[in-house]
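Please model the complete structure; the sequences and the hints are all you need to start from.
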Amino acid sequence: MSQEILEKVCSIVSEQLSVEAGEVKSDSNFQNDLGADSLDTVELVMALEEAFDIEIPDEAAEGIATVGDAVKFIEEKKG
Numbered sequence: 046m047s048q049e050i051l052e053k054v055c056s057i058v059s060e061q062l063s064v065e066a067g068e069v070k071s072d073s074n075f076q077n078d079l080g081a082d083s084l085d086t087v088e089l090v091m092a093l094e095e096a097f098d099i100e101i102p103d104e105a106a107e108g109i110a111t112v113g114d115a116v117k118f119i120e121e122k123k124g
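Going letter by letter, the sequence shown gives residues 46 to 124 in our numbering.
Worth double-checking, as some hints may not be accurate.
Pair by pair, the computed Cβ-Cβ distance ranges are [said to hold, decoys possible]:
#1 104 <-> 67: 17 to 25 angstroms
#2 74 <-> 121: 27 to 35 angstroms
#3 80 <-> 124: 27 to 35 angstroms
#4 53 <-> 108: 27 to 35 angstroms
#5 66 <-> 104: 26 to 34 angstroms
#6 100 <-> 67: 13 to 21 angstroms
#7 65 <-> 102: 25 to 33 angstroms
#8 50 <-> 88: 13 to 21 angstroms
#9 102 <-> 67: 29 to 37 angstroms
#10 66 <-> 91: 17 to 25 angstroms
#11 99 <-> 59: 17 to 25 angstroms
#12 65 <-> 100: 27 to 35 angstroms
#13 65 <-> 124: 31 to 39 angstroms
Hints in this document: simulated from the structure, not taken from any laboratory. Every residue gets a Cβ at the ideal spot worked out from N, C-alpha and C, and that includes glycine.
Following this line, the structure appears as structure tokens:
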């Protein structure tokens with residue numbers, strides 16, 4: 046797992062969900078651990094798309110439940 050991508054994702058998640066950066070770990074679940082609702086999740090996906098200049102299809106977004114899932118998806122998209 047790329048440390049650079051992980052740190053950037055954690056920063057975005059912290060900002061989008063208004064949680065302390067120290068609370069965001071690679072295994073943090075957006076809804077269960079960080080309190081995101083469905084709107085938060087949509088906004089988070091949009092922020093990740095913009096930050097990494099990628100497109101996350103709805104089907105893929107549904108499978109991204111944790112910070113680690115997001116990092117893995119971004120790594121695969123970035124090659």
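Original post:
Of the hints given before, which are not true for this structure?
Top reply: Numbers 1, 2, 4, 6, in rising order.
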